[in-house]
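Trainee: First to last, the protein sequences are chains V and P.
152 is the number that the working numbering gives to position 152 of the first sequence; each next residue is one higher, with no gaps.
107 is the number that the working numbering gives to position 107 of the second sequence; each next residue is one higher, with no gaps.
In short, the hints are calculated from the structure, not lab data.
Do not take every clue at face value.
[As the list claims (entries may be wrong)] SDA-like cross-link-like pairs, simulated, lysine to any residue; straight-line CA separation at most 25 Å: (1) K143/V <-> E123/P; (2) K105/P <-> S142/P; (3) K107/P <-> T231/V; (4) K235/V <-> E256/V; (5) K143/V <-> V66/P; (6) K75/V <-> D69/P; (7) K230/V <-> N175/V; (8) K121/V <-> A101/V; (9) K107/P <-> A41/V; (10) K196/V <-> A173/V; (11) K258/P <-> S73/P; (12) K109/V <-> V66/P; (13) K75/V <-> P134/P; (14) K108/P <-> D44/V; (15) K143/V <-> S106/P; (16) K84/V <-> R130/P; (17) K234/V <-> R142/V; (18) K108/P <-> Q95/P; (19) K84/V <-> T92/P; (20) K75/V <-> S106/P; (21) K28/V <-> A118/P; (22) K234/V <-> G94/P; (23) K107/P <-> N141/P; (24) K141/V <-> S142/P; (25) K109/V <-> V135/P.
[Claimed, not checked] Among chain V residues calculated to face chain P with C-beta under 7 Å, some are: (26) N114; (27) P139; (28) I200; (29) S214.
Since the structure is predicted, the reported quantities are computational estimates derived from the model, not experimental observations.
In this text, a Cβ means the ideal position worked out from N, Cα and C, and glycines have one as well.
The primary structure of each chain is shown beneath.
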Amino acid sequence: MIRYKNIVVTLLLAITTLLNAQQPVTIKVMSMNIKEGGRYANFDTDAFCECIRQYNPDFIAFQEMDYFTSRNGNKDMLTEMGAKLGMFPFFGKAFNYSGGAFGGAILSKYPFFNAQTLSSKPAGATENRVCVYVDVLLPNKRKVRIATTHLDVTADDQIRITSLANFNKLIIADNDPVPTLLIGDFNASPESDTMKYAKIKWQDIGAGTGNTISSTNPTARIDYVMGFPKTWVKKSYDIVAYPNLSDHCFIVATLEHP
Amino acid sequence: MKIKNILYSILFLSTVFVMNACDDKPEIPGDDTYEAPEPPAAINNYNLFTMEFYSRLTEEPLFGTVSYDAVVSRLSSNQTNLAYLFDRSDITIGQTSAVVDIAWKSKKNAFFVQNNTADNVIEGTGMIVRQLVPVFPGTFNSDSLFIAGCALSAPLYTTTPVTLLTCKLKEDYQIKILSGYFSQSTSSNKVVVGTMLSGMEDTLRDYLKHHLKNFRIAVLSSTQTGKAYKIFILSPVNFVCRGFQELTVGEFPMYQIKIEYLN
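Build the full structure now, drawing on both the sequences and the hints.
Mentor: What follows is the structure, given as structure tokens:
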């Protein structure tokens with residue numbers, strides 16, 4: 001009798017889950033390479049917050065974030081921005097720097113229930129690189145994974161490809177295709193071997209949009225919002241320039257996953 | 001849309017019917033002979049760490065509109081606690097979280113383990129730690145039990161990895177979920193410090209006794225009456241709670257908990 005009831009409960013819950021799963025994931029994200037921990041803005045969090053507030057994103061993927069470095073005045077800019085914006089911070093250290101740390105970071109409007117920092121330093125790479133991600137259960141009960149990375153700037157595509165392969169293994173589960181975004185500075189053009197490799201697994205959601213660097217004269221596209229599985233729908237995708245904040249343009253995108 | 005609503009109604013009513021027909025206590029089969037070995041009588045202070053658990057142990061939010069300056073001051077001046085937990089430090093989506101604000105002002109790192117899902121106000125437990133945390137492992141089940149926390153290095157006689165987790169138990173069925181998560185790898189020094197509704201402790205102890213090995217469970221109660229919740233500490237057998245002090249920081253009740261690592 002108990003077994004029968006358990007089967008019925010399981011079936012009912014499974015059907016309920018399927019019905020819930022029909023609600024799409026709709027989120028607004030920003031990608032911000034803030035150039036040497038925010039040097040252009042003199043490490044002023046208010047300047048970044050003023051920019052971010054204009055777009056009201058759900059998630060911000062930062063690259064080149066400083067953490068208590070002497071150059072930024074020994075402060076945690078991420079947590080400071082989190083407090084000012086009403087968001088939750090997660091910082092992933094790539095390496096020690098200037099008395100503190102340097103790496104990638106995420107601000108999330110929603111609390112995250114799981115977060116990881118993945119490291120990769122392939123042979124020949126000059127620096128350790130990280131992929132930082134958070135897992136969030138959205139108010140509509142849909143799970144989403146938001147990741148950020150900043151791939152090596154080296155001329156050798158193979159180093160970036162190896163890092164990407166390392167990250168793919170840990171953030172993508174083919175048997176559990178959680179809607180995932182990998183956002184950041186890939187240091188590679190759309191035609192590069194790096195991006196050809198990236199697009200095997202990932203959807204280049206901003207394909208065909210404009211260049212992202214420099215912020216004063218954008219001539220190359222190296223910042224991306226990549227989606228997994230490849231069924232993301234681009235509702236809007238803007239590239240915005242704030243030369244007072246960074247040498248990179250920022251990406252602001254509203255995306256939906258069915 | 002109409003069909004979907006009808007389906008939902010049928011599912012809801014069916015679920016209520018079947019759930020009511022079932023015994024909502026977790027099944028407790030098998031061996032109940034497990035008893036954690038007695039820890040050494042003498043405490044090794046070199047392997048002792050403390051943490052502060054801020055909680056009203058009621059259904060009330062911790063902060064509300066009360067100033068938390070005293071907490072900021074305490075955290076700014078105290079550099080010895082491994083972690084600070086803030087039960088029911090509820091958040092409103094898009095508004096400044098008290099825990100993030102306290103962490104920023106005291107130069108520490110903030111995390112938040114939600115207890116439920118909601119569009120606007122989310123209940124949960126904030127966690128503030130001194131260390132930079134590369135891994136914040138966690139899971140959720142049926143959007144009513146979230147278990148998460150920080151992978152830390154406890155500065156003991158030898159630096160020891162400790163994954164400090166938290167959750168809130170309100171229903172008996174959640175015990176099974178906690179037990180399952182905990183048993184996935186008891187060797188990885190997971191210590192769960194959470195709250196449970198008063199009255200659940202016997203069920204918790206019984207269930208764990210039948211389903212886990214090599215663990216310890218401690219239940220801490222406030223000396224004050226009228227508390228709806230108790231604090232529990234679930235750890236591998238190589239950790240033991242060595243007591244707690246009931247204190248007040250500003251207007252906030254706080255339990256300073258001592259845990260020893262038995263290596």
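Trainee: Run every hint past the structure and note whether it holds.
Mentor: Each hint tested on the structure:
For the suggested pair K143/V and E123/P, the alpha carbons sit about 18 Å apart, so the restraint of at most 25 Å is met. Pair hint K105/P plus S142/P does not hold up; C-alpha atoms about 35 Å apart against a cutoff of 25 Å. Among the hinted pairs, K107/P with T231/V is inconsistent with the structure: their alpha-carbon atoms are about 41 Å apart, more than 25 Å. Restraint check for K235/V and E256/V: the C-alpha separation of about 7 Å stays at or below 25 Å, so the hint holds.
Annotation: proposed proximity of K143/V to V66/P is violated, straight-line Cα distance about 33 Å (limit 25 Å). Distance restraint check for K75/V and D69/P: the Cα-Cα separation of roughly 19 Å lies within the 25 Å cut-off, and the hinted pair is therefore satisfied. A threshold of 25 Å between alpha carbons decides the hint, and for K230/V with N175/V the separation of about 14 Å falls inside it, so the pair holds. For the suggested pair K121/V and A101/V, the alpha carbons sit about 17 Å apart, so the restraint of at most 25 Å is met.
This hinted pair checks out: K107/P and A41/V have alpha carbons roughly 21 Å apart, not beyond 25 Å. Between the alpha carbons of K196/V and A173/V the distance comes to roughly 20 Å, so the proposed pair stays at or under 25 Å and holds. Between K258/P and S73/P, the direct Cα distance comes to roughly 21 Å. Compliance with the 25 Å bound is thereby established for this hinted pair. Our distance criterion of 25 Å between C-alpha atoms is met by K109/V and V66/P, whose separation comes to about 23 Å.
Restraint check for K75/V and P134/P: satisfied, since their Cα atoms lie roughly 18 Å apart, inside the 25 Å limit. With a C-alpha separation of about 19 Å, the suggested pair K108/P and D44/V falls inside the 25 Å cut-off, and the hint holds. In summary, the hint linking K143/V to S106/P is not supported, as the alpha carbons are separated by about 32 Å, beyond the 25 Å threshold. Proximity of K84/V to R130/P is assessed by CA-CA distance (about 20 Å); at most 25 Å being required, the pair is judged to hold.
At most 25 Å may separate the alpha-carbon atoms for a hinted pair to count; K234/V and R142/V meet this at roughly 18 Å. About 19 Å separates the Cα atoms of K108/P and Q95/P, which keeps this hinted pair within 25 Å; it holds. For the hint pairing K84/V with T92/P, the CA-to-CA distance comes to about 14 Å; that is within 25 Å, so the pair holds. With a C-alpha separation of about 11 Å, the suggested pair K75/V and S106/P falls inside the 25 Å cut-off, and the hint holds.
A hinted pair counts as satisfied when its Cα atoms are at most 25 Å apart, and K28/V with A118/P qualifies at roughly 19 Å. Proximity of K234/V to G94/P is assessed by CA-CA distance (about 24 Å); at most 25 Å being required, the pair is judged to hold. For a cut-off of 25 Å, the pair hint linking K107/P to N141/P is broken: about 32 Å separates their Cα positions. At roughly 9 Å between alpha-carbon atoms, K141/V and S142/P fall within 25 Å of each other, so this suggested pair holds.
Of the supplied pair hints, the one linking K109/V and V135/P holds, its CA atoms being roughly 19 Å apart against a limit of 25 Å. A distance limit of 7 Å between C-beta atoms decides the matter here; for N114/V the minimum to chain P is near 4 Å, and the interface restraint holds. With a least beta-carbon distance of about 5 Å to chain P, the hint placing P139/V at the interface is held under the 7 Å criterion. A distance limit of 7 Å between C-beta atoms decides the matter here; for I200/V the minimum to chain P is near 27 Å, and the interface restraint is violated.
Annotation: S214/V was flagged as interfacial toward chain P, and the flag is violated, the nearest CB pair being 31 Å apart, outside 7 Å.
In this structure, the hints that do not hold are numbers 2, 3, 5, 15, 23, 28 and 29, in rising order.
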